[in-house]
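Peer 1: Each chain, letter by letter, is given below.
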Amino acid sequence: MSNSILQIKQISGHSGVAPGANSGAGRQDYTVAKLIDVTTCIGCKACEVACLEWNGYPFRETQFDNTYQTMPDLEWNYYNLIRFNEHTHADNTFQWLMRKDGCMHCADPGCLRACPADGAIVQYTNGIVDFQQDNCIGCQYCVTGCPFDIPRFNPETKKVHKCTLCSDRVGAGLEPACVKACPTGCLHFGSKDDMLDLAEKRVAQIREHTSYKDAGLYDPQGVGGTHVMYVLHDTNNPEAYGGLPKDPRVPWMVKLWKGPLKWLGNFAIVAGIAGTVMHYMRFGPKEVHETQKREGDRP
Amino acid sequence: MTESRAAIRRYTMAERLGHWFAAFVYIYPLLTGLAFYSPHFFWLAVMLGGGPTSRFWHPWVGLLFAASLLWMLGEWGADMRITDADRQWEKAINHYIRNEDDQLPPVGRFNYGQKVFYWVMLFAGTMLLFSGLVLWFPEVLARQAHWLLLLAIFVHVGAALISIGAFIIHVYMGTAMVRGGFTSIVRGEVSPAWAKEHHRLWYDRVTQQAAQTPPKS
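Keeping their order, the protein sequence lines are chains H and W. No gaps in the numbering here: position 140 of the first sequence is 140 in the working numbering, and each next residue is one more. No gaps in the numbering here: position 96 of the second sequence is 96 in the working numbering, and each next residue is one more.
Check before you lean on any hint, since a few could be wrong.
Listed below are the simulated DMTMM-like cross-link pairs for lysine to aspartate or glutamate, each with C-alpha atoms no more than 20 Å apart in a straight line [as the list claims (entries may be wrong)]:
#1 H:Lys159 - H:Glu290
#2 H:Lys159 - W:Glu139
#3 H:Lys213 - H:Asp194
#4 H:Lys246 - H:Asp108
#5 H:Lys9 - H:Glu200
#6 W:Lys196 - W:Glu90
#7 H:Lys286 - W:Asp84
#8 H:Lys159 - H:Glu75
#9 H:Lys286 - W:Asp102
#10 W:Lys91 - W:Glu75
#11 H:Lys246 - H:Asp214
#12 W:Lys196 - H:Glu290
#13 H:Lys180 - H:Asp194
#14 W:Lys196 - W:Asp84
#15 H:Lys45 - H:Asp214
#16 H:Lys201 - H:Asp149
#17 H:Lys158 - W:Asp102
#18 W:Lys196 - W:Glu100
#19 H:Lys246 - H:Asp149
#20 W:Lys196 - W:Asp101
#21 W:Lys196 - H:Glu287
#22 H:Lys158 - H:Glu287
#23 H:Lys45 - H:Asp29
#24 H:Lys286 - W:Glu139
#25 H:Lys286 - W:Glu100
#26 H:Lys158 - H:Glu175
#27 H:Lys286 - W:Glu189
Pair ranges (Cβ atoms, derived) [unchecked claim]:
#28 H:Gln221 - W:Val140: 17 to 23 Å
#29 H:Pro245 - W:Ile82: 33 to 39 Å
#30 H:Thr210 - W:Glu139: 20 to 26 Å
#31 H:Tyr57 - W:Arg143: 42 to 48 Å
Example chain W residues on the side facing chain H (calculated, C-beta under 8 Å, incomplete) [to be verified]:
#32 Glu90
#33 Ala142
#34 Phe154
#35 Tyr172
#36 Glu197
No lab work stands behind these hints: they were computed from the structure. Backbone N, C-alpha and C define an ideal beta-carbon position, used for all residues, glycine too.
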């Protein structure tokens, strides 16, 4: 089965083990990853077009803002945006930074943690985090959980969308559409281990042959690492690439209310009900004896 | 309840309808809200028509609950002010819990516990309303304001839990514990003995009024 590559690891809003999880069938000893080498991105937008084509979305209307960016922002039917930034270095020289923005497919996905709808967000054993719009209730809690500000809401259908890492293609043994379309070899796809190896070699190459001595890999550990990784010119300053967070983490409020607070609340509800039952068993009801009334009313 | 002629009217028809309207528009967001609160309760949303349906109606019915609170503020706000008699009663609340009602000081139309329940629900409802409005349309919030969503979820959950605690006690006392209470909010009447036992000051007031002016109906 080609889809044996997509085995469910966990799903959102579900008590107990997700159906189909850990079935053993098609279990993999590797996870997949996309590596984006921003140093070789020429901003051609082939990946954006391939993404739209594969997912069947029309090209959106946009506004020209005097930059090389196609859209002001990601949209519910625009999963993949090359963010353009003109960066001024300390020595007043300019540099154009192009970064392919989209879902990072976190190993610890904040969207999945925050989602209350059973099975609306799925994490596969190969690392892909996918939204299942059939189960989505449109509450947008995923938006609060995402440290990268990725999920986008479609107000018409009340469903949230984001990059699927082409789970449908990957499930059939193909690379994501964006990777297939990339003409410069800036995008790579394979097992996460292979992509880490590749990134390590590329970073060493950049450091050796260029002036980017702080080049490095972006695989943030605050979210358990990601299945979309960057090679950056300057790993100390990811914010320069259009707001890539330096140390992304699932917001602590989400962790707090989805974790200890929820259990405290559940306990309080159960304890409250148990308390009333115990009170009834110990003290019983308040009954009013009607004798007083009778002496006045009855002849 | 053989002497129905002697029964005292405790709640008007409007008050009873208002109470049950409030109960309905509280319970629907409660059940759907529990579904969004925990995966262990998500089956509630399934039973009530599915997640998306529940998500659609939850805020609308919540608005009706806010409206019912506003109505209750107008209807009962004055009655619910905490008086000196209530403070005396509060000091003896342990006797109430132990059903030693003969050791309690007399109170008016509502006792201290009922008043606290009322104000707790009003407070929690206000919190739920404002946090809920933020959560209703997160898409209109600017990206920089997303911290507000986190805060709103926290406040919404916290206020809901407070109201659930109050609601559990309210339902228990209104049905199982205080006999006659449930009938009073359905049929609107209590026996004079009940009124005397639980709300002596109110009983004295209404019986004196009744003695002075003939009852309206």
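Peer 1: Now tell me if each hint is right for this structure.
Peer 2: Hints and how they fare:
no.: 1; hint: H:Lys159 - H:Glu290; verdict: violated (60 Å)
no.: 2; hint: H:Lys159 - W:Glu139; verdict: holds (11 Å)
no.: 3; hint: H:Lys213 - H:Asp194; verdict: violated (23 Å)
no.: 4; hint: H:Lys246 - H:Asp108; verdict: holds (16 Å)
no.: 5; hint: H:Lys9 - H:Glu200; verdict: violated (28 Å)
no.: 6; hint: W:Lys196 - W:Glu90; verdict: holds (18 Å)
no.: 7; hint: H:Lys286 - W:Asp84; verdict: violated (24 Å)
no.: 8; hint: H:Lys159 - H:Glu75; verdict: holds (12 Å)
no.: 9; hint: H:Lys286 - W:Asp102; verdict: holds (11 Å)
no.: 10; hint: W:Lys91 - W:Glu75; verdict: violated (28 Å)
no.: 11; hint: H:Lys246 - H:Asp214; verdict: holds (14 Å)
no.: 12; hint: W:Lys196 - H:Glu290; verdict: holds (11 Å)
no.: 13; hint: H:Lys180 - H:Asp194; verdict: holds (18 Å)
no.: 14; hint: W:Lys196 - W:Asp84; verdict: holds (19 Å)
no.: 15; hint: H:Lys45 - H:Asp214; verdict: violated (27 Å)
no.: 16; hint: H:Lys201 - H:Asp149; verdict: violated (30 Å)
no.: 17; hint: H:Lys158 - W:Asp102; verdict: violated (58 Å)
no.: 18; hint: W:Lys196 - W:Glu100; verdict: holds (15 Å)
no.: 19; hint: H:Lys246 - H:Asp149; verdict: holds (14 Å)
no.: 20; hint: W:Lys196 - W:Asp101; verdict: holds (11 Å)
no.: 21; hint: W:Lys196 - H:Glu287; verdict: holds (12 Å)
no.: 22; hint: H:Lys158 - H:Glu287; verdict: violated (52 Å)
no.: 23; hint: H:Lys45 - H:Asp29; verdict: violated (33 Å)
no.: 24; hint: H:Lys286 - W:Glu139; verdict: violated (51 Å)
no.: 25; hint: H:Lys286 - W:Glu100; verdict: holds (9 Å)
no.: 26; hint: H:Lys158 - H:Glu175; verdict: violated (30 Å)
no.: 27; hint: H:Lys286 - W:Glu189; verdict: holds (17 Å)
no.: 28; hint: H:Gln221 - W:Val140: 17 to 23 Å; verdict: violated (34 Å)
no.: 29; hint: H:Pro245 - W:Ile82: 33 to 39 Å; verdict: violated (50 Å)
no.: 30; hint: H:Thr210 - W:Glu139: 20 to 26 Å; verdict: violated (42 Å)
no.: 31; hint: H:Tyr57 - W:Arg143: 42 to 48 Å; verdict: violated (22 Å)
no.: 32; hint: Glu90; verdict: violated (17 Å)
no.: 33; hint: Ala142; verdict: violated (11 Å)
no.: 34; hint: Phe154; verdict: holds (6 Å)
no.: 35; hint: Tyr172; verdict: holds (4 Å)
no.: 36; hint: Glu197; verdict: holds (5 Å)
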